[in-house]
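Trainee: Here is how the chains run, residue by residue.
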Amino acid sequence: MKRLLYLIVLLFTVGLSHARQSDHLVSGKVTLRPTKEAAIGASIVAKGTSIGSITDLDGEFSLRLSEGKHILIVSYIGYQTQEFEMNIPTDAASNLHFELFEDALGLSEVEVFSTGYQEIPKERATGSFVQVDNKLVNRRISTNILDRLEDITPGLIFNRDMSGTQNDFTIRGTSTLFSDARPLIIIDNFPHDGPLENINPNDVESITVLRDAAAASIWGAKAGNGVVVITTKKGKKGMPIKVSINANTTVVQPRDLFYEDFMSVDAFIDAEKMLFNRGQFADREGNMGNLTLSPVVETLIKQRDGLISAQQAENIIDGYRNTDLRRDLQRFFYRPEVRQQYSLGVSGGSEFHNYSISAGFDGIKQEIISNANNRVTLNAQNNFTLANNRLKINSGIYLTQGRRISETAVPSSNYLYEPLRDPNGNNLPIIRGVSRRFAENAQENGFLNWDYVPLDEIGATQDSFRQNDFRINTGISYTILPGLEAEVMHQYWSNSSGTEQLRKSESFFARDIINDYTTFASNGNPIRNIPNGGVRDYTDVFSQSHQFRAQLKYNGKIGDKGYISGLAGAEAKNLTTRGNSNRWYGYDSETGASLPVDYTTFFRNSSNNAFNNIPRVQNVSGTVTRFVSGYANLSYTHDNKYVLSLSARQDGSNIFGVNANQRLVPLWSTGLNWNLSEESFYKWDAVPFVRLRSTYGFNGNVNSSLSAFPTAFIRQASTIGNLPYLALNNPGNPDLRWERIGILNLALDFETKGGRLSGNIEYYSKNGIDLIGTIPFPSNSGITTFTGNFSSMVTRGWDLNLNSKNLRQDRNFKWNTNFFLSVNKEEVTDFEGLLNATSYFDYGTGGSGVGPRPRVGYPLHAVYTIPYAGLDPDTGNPRGFLDGEPSTNAGAVISSMEIDDLIFEGYGRPTVFGALRNDFAWKNFSVSANISYRMGYVFRRPTLSYFSLLNGWITHSDYERRWQNPGDEVITDVPSLPSSYDNNSATLYNNSEVLIERGDHIRLQDIRMSYTLQSPSKLKIDRLEVFLYLNNLGVLWKATDLPLDPDFRTVRPMRSMTFGVNLNL
Amino acid sequence: MKLTINKYVIAFSLLFSLGACAEFLDEKPDISLVVPTSLDDLQGLLDDSVLRRMNTGSGAIVISADDIILSDVGFAARTLMERQVYTWDKDLLQGTPNFPDWSISYQQIFNANLVLNGLENFEINSAEEGLKKQRIKGRALFYRAMAYHNLMELFCLPYNPSTAPQNLGLPLRKSNNINLQVTRSNLEETFQFILKDLNESVELLPDAIDVVTRPSKVSAFALLTRLSMIEGDFEMASEYARTAISLGNELKDYNTVNAAPIIPFPFTSNQELIFHQSASFYGTIGFSPETMVNPVILEMYEEGDLRRNIFFRQTPSGISFKGNYSGQITWFTGLAMDEVYLNLAESLARTGRGQEALDYMNILLEKRFNPNFFNQIENTDEEEILQFVLNERRKTLLFRPVRWMDLRRFNQSAASAIVLSRQVGGEVFTLSPNSLNFALPIPENDIELGGLIQNKRE
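So the protein sequences, as listed, match chains A and F. For what it's worth, the working numbering labels the leading residue of the first sequence as 1, then goes sequentially. For what it's worth, the working numbering labels the leading residue of the second sequence as 1, then goes sequentially.
Pulled out of the complex, with its shape left as it was, chain F reads as follows (with noise of 0.2 Å):
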């Protein structure tokens, strides 16, 4: 105590110099307080999946689309909010201050801005140190270009590379200054500006997944074979999707799946994992026995085919999806290697390049059937063969944002435009191809407050 006292003594003797009394004001106010600039901390302001939800994806990307199906009393149970989402209304959002669909991306986009801003100060002092720096770098590239993405495919009209320059973006913020009023870019600029973080983290990135909520070289390919394909690049698409396989990832065989469980897949031990992500905010809409399946979807798988029972379960009203790669009772909305195989399956197929596709296709089916039932898949119509592929893909991504994806890009062609019906209660609620509401609105502290155009509804 004594020498306590004398520090005091010290400390105070030393006021009437001000400045000195700096130094005894420098302590920490709090021990695990930090203002992150290591490269530790860094990393940890990525991998922060619980405050700023890193590893969360969009809901309301999956209850637009049609896989889903609420029955009557489902729908009376949702919240107001979920209830517009699914019946594609003109006034959702409608007195709505913020929309966690929005909001997370952004918060993501944020820590993902602080991260690149704190590794521009960063100075390295050796090699080790350097690849560090690098895969951080390449890390927050990858999930601003996620959150980017996922933003896009809600609240920007599909993208088609001769309307994208008159089409609203987003607003692209490339700084963690909060202060910082940005405008909406335009949809062209939007989509460029995530191919190209893709393309500078793909330098960076490590080639292997260590953990399956930080993002790998994988990650990176696997999300350009999506952007390629939404650009009708199926070229790229079919080569990114080729250099996502070769860097080694695997197929989960389905014939050592257990069926029984409420959730049959493991947690992230899922060898067929990418990148997890998971529509968290949406946990009671996913688990409700009244949010079922369209039955179009039941009706086309064949006898032997183990996705059937995996991935769905029997309920006082009908039948509804279990299969989440999430292994929670959230919808999946990262990547896995399913939706690669079938990304690349597609893309050959649309350029006239069928077989190699059904040498894929077979490769994944291989560990989707019961043995005794499976056969190799012969075809040699090309039409044939990407219809096949595409059915395929709706057996397999569905619950995931692929499918309100593929909506969207397959209405760029009027010959596989889709046009979406739903009932509720007697009442049908339609969603044509070229809506405008494609675009979900912005919530309203946005337009207000932030100054940005809103989209158009009908």
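Next up, chain A with everything else stripped away, as it sits in the complex (with noise of 0.2 Å):
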């Protein structure tokens, strides 16, 4: 520990020796012959000294120099350097313009593509990459690094389809059906274990999207999904200490309770009044689990049984008539979430030794009252290059620490009239756990009180956790001859995290469980068996991981033309994870005393009467994650007109329960370029460069959660007999394979003259194969749902991205525009197992869990409906077609269905989408809007559930809209009301093709304001940015006629503006 302390002090301190020398001021202008156009990101150095400036986005610079006579080199890649003498303070020093000549070699410009192994210069990179470089990055504020993607990453999409999973994005489409279908995220060169909450943003210098086989293949068995990798920010060799602080605000609207469409409390109140009296509620209400029952119900129960007449009854309901939960859920739980964000860098760099230092901290309140989260992230990095530039050693060190702390849950209900709050000032209970009736008499009865009462709940249940990440990244290469370059690098990480669940004892929970497992002795005392007291439970989770990887690049001229760039090498990765949960009965915060329970003993619930022994939460957990590889790589490049590229990779993995040979997938790719531009043939002057590429090769894809054997998980004790059991994992399935994904990519890169119009358009063809799925199956094989290579299919897609300058010309005004359009459709081309038609429904509700089915010929992702009758002219009840005819037969019509009865409806998920963004600047204003669309897919719109209704909770509006008498049938498609829930009528309607609409829009997603001032001349500082960013402004147009959003059908995103400033000195 001593050491590592050691070694932070150590690496925070070394960059803070640069002291600033320089006093005078000189700037200028970089520009570009023929077009005049700024150079952006030229470098000038002051020759011999460590001083210098990189161009603005204009082509400006200023840089600081002492008394004496200087020698300024400008150079840009791709054009000549030139040298200018000077002498300090004689000469003039503003104003400078430098006009650069094109390379004889030409190269329009350079960006280089971090794969994670090594850096491909744009012009030798066959494979299909996505660079977002620092100022895109920049332009959304988020505290989530991946948010910052959307809308700007052809071929990238968030996935609105399926509710419950966070961060779920594809890229090109899915390619796996139900495993990880996540791409892998990579960060300084190595797989991020992390949790990515742990990323600050304002630590990320750029980041590059794989997006085919050449790209990712280097990554292979884990890349089948794309990959994503993050690079840090990092000092640059001879760049004078540079400070940056950025600093923002913002704020959220608070949520909008009402924007799911539930039925008024006006209309539920009657509907709970009208199946009250048809005897609806009395298997709950007699029932011996205490089963709750609406406030309006339980006040007819007393009007019923003469407690209370008819007249305060019909007083009662007028009551909750007059009540909205949700407006004194506004009240009291939200708030509008307010988010900061700071953070400071420093780096620099000399001839030797370059850094960067930065710190950051981002705070956020919660939308929901007294929740609260933060993290502060430090970050250190140096590189030293060592021995005539053959040595280079570079360590970084990261660490986070955040912290969430929660002490408020917003009160559900299934009612929404019930009052938090009464007029004279006095918190009330609302329905929960058990009956009205039951929680009434409990104190009388023996136990602590059982109400549940909101808002005094808030700070009775403290949950919070912690956690705190710590990366360390070590690098070492050594250049033996030149060009051929050995490297190790290493890559430590932990993370460990506590989680704490106070339930203090005045919480419902507490409360609850305690009063749940009291007995009564002969004498009648209660026997609290839980004792009085509070209940905290503590989970820590500590997680490590040791990346290790060696490898030798080479890089040469092979011949007068041609060029190699290769590597090889291996990598071994080990990661493990403990966790520790307890929990303590009877405890007292202020002591930290806690009391013993007996585990063993079966007690009789109060609330529901069901046998139990208390619950045990000690569990110690442990994972092992192990991957070992081998890789190659080679590039050859031809007289900077071809150049081809090959990869192979061997991954081998710890699964579980296979044999030896079928850890291992060799996986591999090959692709090829042709600048044709390059071509003494190619005479195009509009169109000056012009290249093409092609990629074959294959990626693959883990998922560890099965096994050719059978497999179990050892567990504690049995709810029946105490005994410890074995949990069926796996059945076992000796013909598992690793899914592999075949991807063809076909592109084409062009820019115009003066590069006024650039960009390309890309062909992919993924072909998935042995793609894992899990399928229904006959239950007399012992299992319900079995997991297997069982299809394959084809995703095809077009990327086509353009960057138009506007308006270039006039100083004064700027615009640029970006457009993408992706396009991406699917077919299941193979499938092994067997389906029938009901295992194609529920998909596209957007609820959790229900996922899309393979069908040979469709798209995986596919909403599928039922033909739709209408409803029975006399009963309203729904109607499917039983032999060609209408019936109400809802069994019948299910049961009879073939697949080839299905109507296909389109995709679940957008088959194009895209973004359009457009910069503006004028003088120091600049304007940036992004509109983003998606197109061509569909989605079942949100209704009814008559198995809420039949049970006493609301539900959606489409009640009032529901058939009532004859005749209604024409103007609704809603069934009527059932005398009992018959759950194939529902599936019926549900699945019916009148619920399903378009859910094709286009959206304006947000809108960035900035003013910069570029080294004002008053103020020692290079860059002073003022910013207003607006995000989640709204839907512009969409398909449908609903008045929700398509996207999100549950709960709106709210509107945020954020304001900012960023400034470098």
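Because the hints were derived from the structure by calculation, they are not lab data. Bear in mind the structure is a predicted one, so any value in this text is a computation, not a measurement. All C-beta atoms, glycine included, are put in the ideal place defined by N, C-alpha and C. There may be inaccurate statements among the hints.
[Unchecked claim] Computed spacing ranges between beta-carbons, pair by pair:
1) L1033(A) <-> K28(F): 48 to 54 Å
2) E299(F) <-> N580(A): 55 to 61 Å
3) S38(F) <-> A521(A): 40 to 46 Å
4) N580(A) <-> K28(F): 14 to 20 Å
5) S246(F) <-> I527(A): 37 to 43 Å
6) G483(A) <-> S38(F): 55 to 61 Å
7) S948(A) <-> E299(F): 39 to 45 Å
8) I527(A) <-> S38(F): 36 to 42 Å
9) G446(A) <-> S38(F): 26 to 32 Å
10) Q443(A) <-> E299(F): 40 to 46 Å
11) E299(F) <-> N582(A): 53 to 59 Å
12) A208(F) <-> A521(A): 29 to 35 Å
13) S38(F) <-> T576(A): 20 to 26 Å
[Claimed, not checked] Covered stretches of chain A (chain F as the covering partner; in silico rule of three or more C-beta atoms under 8 Å from a C-beta of chain F):
14) 781-790
15) 891-904
Two independent chains are provided; combine them into the complex using the hints.
Mentor: Okay, structure coming up:
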């Protein structure tokens, strides 16, 4: 530990030794011939010193020089370097103007793509890369780095067809059915094992998205879903000390609780009264499980039993009619969310050393009162160049501390008319856990108070989560011979987190569980089998990983015109996780004291009369993930016209329960470039740059949850018999194979004269083989669903990306446009399993858990419906077709349905999407607005659930449009209220064609406005930017007439406003 | 840390000679994950009453029989599947891909087969291990037999030795290979398969019951008694029942049971229990105040009969059953000693040993009556003794699968056949003794994806 501290101190202090010695400001501009465009990112260095500057977006630069004679070196890749001699202070030092001539080699611009293994210059890249530069990374404001990729990355889309998954995005469609479909995230050369929330976006320099086999195959078996490579900021060689300070504050509109379209409280209460009168709640009322009933029903019971008069009951119910829980929730539980973000970065470099140090703080006051989280990040990187540039050593340390505190849970209600506070200011209970009748008498029956009073709960529970995330990267490279470099890298990562859930003795949770395990002695005295006091849960998880890599790289010329670049290496990884969780009963948070309980005896629960032993939360868990890989990569460039790339990799993983040879998978790729415009016969002056690229190869995908042999988890104790047992995890599948994805990519890059219009168009075809899927299985086999390599599918698509410099000549006004269009179509080409029509139901509601099912000749993410014959004119029951005739016999309709009877409605995920971004600049002002669009998909619109209503819970407002009288079938498709719940009728209606809506829409995602000062003469700063960022501005157009946002059907994304300052010194 | 890195360097250098990294990749990905091979692992698979529900029985079998009456309100509150089971609906399970009463039994069969398969490959190293292995095998065979027995009583037409070879039986799975498609055997094969498993398990199982969720010799004999009665072999049935009783199990004296609690019987410490199983998928219907007991049964209890108070509770709508031997809110579907006594008495009565039958009835009833009201039963009329035994059977074994099994058995002779009928909202539903509806339909996934022949319904 001491050594570690020493190391940290060293790393932080090294960078600060550069003092500032210069005092005369030198400024000017660099432009390019013949277009007179500003040279962005050109370097100006005072020869023999570490003083220098990089030109900004306008091609302008400024630096400070001491008195005396200097030689400025102005360089820009692809252009000839100029030297300029000047005397300070005698020569004019401002408004210098350098015009650079194109280099004979004529590279139009140089960008490098980072794959995590190497940096590939754009002109030698055969694969499909998307580079998101620093400016774009910073354009959007978010605490999560991945959010910043949305709507700016062709081919990348965030999926919203199923709820419940965070960061669910795909690159060029899905190529796996049920394995992990998330792309691989690389940070500073290694796969990221920690939570993404621990990355401070302000530390990110750029992001590269790898979309095809040639780009990603270097990542082998983990690259099947695409790869996102994040590169953090680093100091640059010979760069003077730079300080950047960012501060911003975001305010989000409070949540719209009325967004979900529930029936009105009035209509609901009327329905409840009607259902009560027909005896609907008798079953719940007298149930031995003390099931909950709504306040209105409880009032009606009191009236029926003569405890209150009809008038009293009516008054109480009228009170409810005028109440809306959502108003109270908005008043007492919600507030505008406020996010604050600050960061400070210092970087610089000399001839032999460069560094970058940063600190960041993010604080969020969440939309729910007294819930907050914050994050502190520290980051220090040092790079040393020694032994005549032959030895390079780099090290980086990243520390993140995160905290989340939540003292409030928003109460949920099935009724929506329960008030939280009465007019006299008293906090009121709402229904939870046990019926009102039972709770009211609890105390006189020897229990603790059993009321759930939401406003008293605030602060009675305290959930906190804290984590410390720690990452050290070290790398050493040595140039053995010119062009031949040996490199070893290591990353150690660890994360320790603790989650505490404290439910104080006054909390409902504690009282509820104590009551539930209260038994009574023969004299009637209560026995608290769980002692009075709080309940505290604590879980700690410690994860760590080592990743180690050794590789040889070669770069060099072969003959006159050939250039070869290759690397070969191997790597290993070991990721371990250990978790412990424990619970304390009778806990006193003041003293930390707790009391023992009897875990082995079964007690009859007071609430529902079930038999249980006291919940024991004592778990130790541990996981180990290991990878061993070997890889090689070669690219040959000939005459700057042709590039050939080859790559191969073998991966092995500690997949459990398979034979040794099944743990390994070999993967490869190849690619070809042709710089057409370099050919002597190419004469088209208007388009001076044209290049064709093509690649083909295989990526893979792991599903470590499967095994060839049957596997099981050891579990502590069964509820019956108190015996430890083995829970079957996998029935075993001897035919298990790795998923492989063959990817073809064809691309055309171009740029018109002067860079006015540039861009690329890419076509791809991804052929997924042996894809793992879960399908229903005949249950006499012993399982009801089976997961195995069932299908193959093809995903084809286009990505078009265009950059246009619409107005650039006039210095005062600039207008750039970026447009991208991604088209993605998928088709299941092979499917070995058997499915019936019912398997295809339900996907498309947006709910969690209901995934799509494969069908040959159709997209995987397909939404299917049942042909609907409208409502029965006599009963209002939903009708399907049975032998071609309308029928209300829903069971028979569903049962007799063949797969071919299903209506294919379309894709459940957008097949066409993209964004149009316009950047305007006028003098120091700039405005950027992004309009995104998602097209070509459908969804099932939300509707009522008679299951909910018949249980006494509020449901969708479609209830008010239901069939009530003969003739209504002409104007509505919503079935009548049934006398008892019929799940087949519900299935028929919920999957009927009438509920399909088109999801196509265009939205104004965000607008960013900024004012920038470049090197103002009066202030000693390089750059000052003040900005205002508006996000989630709304849907501009949508195909559906429904009032809801097609992509957010239960919770509307709220508008937010960010104000921020970026300062560079 | 230095040490760890060294480990990597080694692992890494080994990589180039590929096979060697196998060891590095041998590490288990999760500490609690196993490929079950040890005897404890295999026993653990049988003890899984949670995920694979090794101690769950059928609730549809209780709903199908005539112990239960649903009020109209209660009927409306039930699921469609429960309503259709209750009314012996021809269209039961239409549109329903899965049915727990079917799939859970087959889960149990899978686990039993997995264990039997694992035991075949297990080599014993000591006598102690040998005994352990033998017991686990016996238990696995019993679980498999019990599961097939439950399935047979619900998804096959009633067993009759003369028609069984022509009637459809069950798909009989003997291996845990899920990819194997198995077609339906005939009913005779199914019956013999169960008998064979049980006869084998009797040799292997321990005499005593250690935990009621695990089978013992007593459980095997108790189940053999049932099967012999189904077969009509009452000599064998009485032998098996006698052996089960001789293994030392006791009856519970109802004078010691407090009738007041909502569930009067203890959870697993009821000494009358032989093998615990409950219809854990059917909690809501079992617990509903609208699920009532058939009034015919209520009228049968005499004064001083403790069962009357312990078994029932008054609800606003009528009288409901609460005497589950499961000790839970769910119906008991396992085996208990009271059934063995009644099986024995019936078998004796049907084989001309009425007096002996009465002796056993007296032992049982003494534990069921307030001593102030109990008199030893005496009778010499064999017919009356049989009827008496059958009446006590009705009064004792209600809301268990026994009634449905009895109906199927009684219907084999025209003299004892019973027509069931029930009313819902004025509509009358009947189940005639020879109805095809005694065999429930097989879930659609098994028909459409598994290629099984569907039962005919009428």
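Trainee: Each of the hints needs a verdict: does it hold here or not?
Mentor: Structure-based check of all given hints:
1. At roughly 51 Å, the beta-carbon separation of L1033(A) and K28(F) lies within the given 48 to 54 Å, and the hint holds.
2. Evaluation of the 55 to 61 Å hint for E299(F) and N580(A) yields a pass: the beta carbon distance comes to about 60 Å.
3. At about 44 Å, the CB distance of S38(F) to A521(A) agrees with the hint of 40 to 46 Å.
4. Roughly 18 Å separates the CB atoms of N580(A) and K28(F), a value that falls within the hinted 14 to 20 Å.
5. For S246(F) and I527(A), the hinted distance range of 37 to 43 Å is satisfied, since their beta carbons lie about 40 Å from each other.
6. Against the hinted window of 55 to 61 Å, the Cβ-Cβ separation of G483(A) and S38(F) comes to about 57 Å, which satisfies the hint.
7. At roughly 41 Å, the beta-carbon separation of S948(A) and E299(F) lies within the given 39 to 45 Å, and the hint holds.
8. For the pair I527(A) and S38(F), the beta carbons lie near 40 Å from each other, so the given range of 36 to 42 Å is met.
9. With their beta carbons about 48 Å apart, G446(A) and S38(F) fall outside the hinted range of 26 to 32 Å.
10. Taken as a hint, the range 40 to 46 Å holds for the pair Q443(A) and E299(F), whose Cβ atoms sit roughly 41 Å apart.
11. About 56 Å separates the C-beta atoms of E299(F) and N582(A), a value consistent with the hinted range of 53 to 59 Å.
12. Under the hint 29 to 35 Å, the C-beta atoms of A208(F) and A521(A), about 33 Å apart, fit the expected range.
13. S38(F) and T576(A) have their C-beta atoms about 24 Å apart, which keeps the hinted 20 to 26 Å range intact.
14. Beta-carbon proximity to chain F at under 8 Å applies to 5 residues in the segment 781-790 of chain A; the threshold of 3 is reached and the given coverage holds.
15. Requiring three or more residues with a Cβ within less than 8 Å of a Cβ of chain F, the coverage given for the segment 891-904 of chain A holds, as 5 such residues are present.
Hint compliance for this structure: hint 9 alone is broken.
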